[in-house]
Amino acid sequence: RLRKWQERIRTKDAGERNLQFALSEIDRMASALGVPRSVREVASVIYRRALKEDLIRGRSIEGVATSALYAACRKEGIPRSLEEISEVSRVERKEIGRTYRYISQELGLEMRPVDPKKYVPRFCSELELSEEVQTKANEIIEKTAEEGLLSGKSPTGYAAAAIYAASLLCNEKKTQREVADVAQVTEVTIRNRYQEQIEAMGIHG
Amino acid sequence: MTDPKDTINIENVVASTGIGQELDLQSVAMDLEGADYDPEQFPGLVYRTQNPKSAALIFRSGKIVCTGAKSTDDVHESLRIVFDKLRELQIQVNEDPEIVVQNIVTSADLGRNLNLNAIAIGLGLENIEYEPEQFPGLVYRLDDPEVVALLFGSGKLVITGGKKPKDAEHAVDKIVSRLEDLGLLE
DNA sequence: GCTTTAAAAAGTAATCT
DNA sequence: AGATTACTTTTGAAAGC
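Chains as they are written, first to last, in my numbering: chain A, 1 to 205; chain B, 1001 to 1186.
For the record, the hints were derived by calculation from the structure and aren't laboratory data.
Some hints here could point you the wrong way.
Stated by the list, open to error - Straight-line alpha carbon distances no greater than 27 angstroms define the calculated DSS-like cross-link-like pairs of lysine-lysine that follow: (1) B:Lys-1156 with A:Lys-143; (2) A:Lys-4 with A:Lys-75; (3) A:Lys-94 with B:Lys-1156; (4) A:Lys-118 with A:Lys-143; (5) B:Lys-1164 with B:Lys-1174; (6) B:Lys-1005 with B:Lys-1070.
Kindly produce the complete structure, drawing on both the sequences and the hints.
What follows is the structure, given as structure tokens:
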């Protein structure tokens, strides 16, 4: 009986240590990403729920913690792409993506697809683009998405193309390279989305 | 107005069978031309047929998996070739080994573009998976028939997980009526 | 869970000319 | 700026780690 008692304490301590590790990892990654405290709190809640529902079995603590943070950023309306998240995590992008899909499904998070407009303020400020460009980019995203151009396209590439187009229209030109670097997509993707968007907007030049 | 059902095309059929005899894959690999066998990497021996095109995975137990065929007839033809090849190597093969179709992959076209964002909400976020950052298709699991559909913005789709060609037809019917009810197919 | 096989859908990406 | 090739997703069986 004493043995069982000690074992219970041991596992309880281990579980407690694991939880503390996960929460500190969420904190570390959140700081590195520069997201507000509210996001870390949402991420912590998601992680605790995943723990309670026993979703961590067979997965790494770090993977679930990273996925919880990715989901929290989206839920709070300040998404970070998997690419960005993976830069501050030691879990690879593909694993974060599949773990996120799993916990999202199992916890019934009912995550809506990311709205590309959510990336506009951050990308534009990194590029030092004016409020006017942001407004124009949002307009382009709004209008072209309504016409069905967004289906199946990655939100970051879509936002990047709209920002590139808006920078040209507002005479604050940024190169495709510059926009591609902050959005972490290739110039090819920007080129492809840009062509579709300006055509749908009826813009030339 | 072409019926989306008429656009259904079988792209791949997976089936399993067995010759009812244990095999020494090492010697089969030596005698069978074009055989790929690397037990360190995978326990099965890979043998490809050209006509019809398919790949057979042959195991030590005598069980065989055939994949890549474009119809159930092609699966039977491919396996007939495999069986004959094994018989040429003086291996006993049952008369007519039972062949079980395990999965049929089909493609189809709904004929109009789809607003996947609206469809995700319409079908219910809890019933679908749509993560365009990871994959452009919307994943929709049906209970009856028990298949998985991948819907794309172009209106094209993939149905997989079915065991009979009819499963894909029923799935397309259900998807079309579901989308029509939601007013998302026009 | 992984390993291997084949196949479609469409987007993204790396590499080469 | 193309063109190619390759990887992402789903499905299923097999035997073994």
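Handout entry: Satisfaction of hint between Lys-1070 (chain B) and Lys-1005 (chain B), Cα-Cα up to 27 angstroms
Key = holds, 17 angstroms
Problem - Satisfaction of hint between Lys-1174 (chain B) and Lys-1164 (chain B), Cα-Cα up to 27 angstroms - result: holds, 16 angstroms
Handout entry: Restraint check for Lys-94 (chain A) with Lys-1156 (chain B), where alpha carbons must lie at most 27 angstroms apart
Key = OK: Lys-94 (chain A) and Lys-1156 (chain B) at ~25 angstroms, within 27 angstroms.
Problem - Satisfaction of hint between Lys-143 (chain A) and Lys-118 (chain A), Cα-Cα up to 27 angstroms - result: This hinted pair holds, its Cα atoms lying about 15 angstroms apart.
Handout entry: Straight-line alpha-carbon gap Lys-1156 (chain B) to Lys-143 (chain A), limit 27 angstroms
Key = holds, 24 angstroms
Handout entry: Restraint check for Lys-4 (chain A) with Lys-75 (chain A), where alpha carbons must lie at most 27 angstroms apart
Key = Answer violated: Lys-4 (chain A) to Lys-75 (chain A) is near 42 angstroms, above 27 angstroms.
Hint 2 from the list above is the single one not met by this structure.
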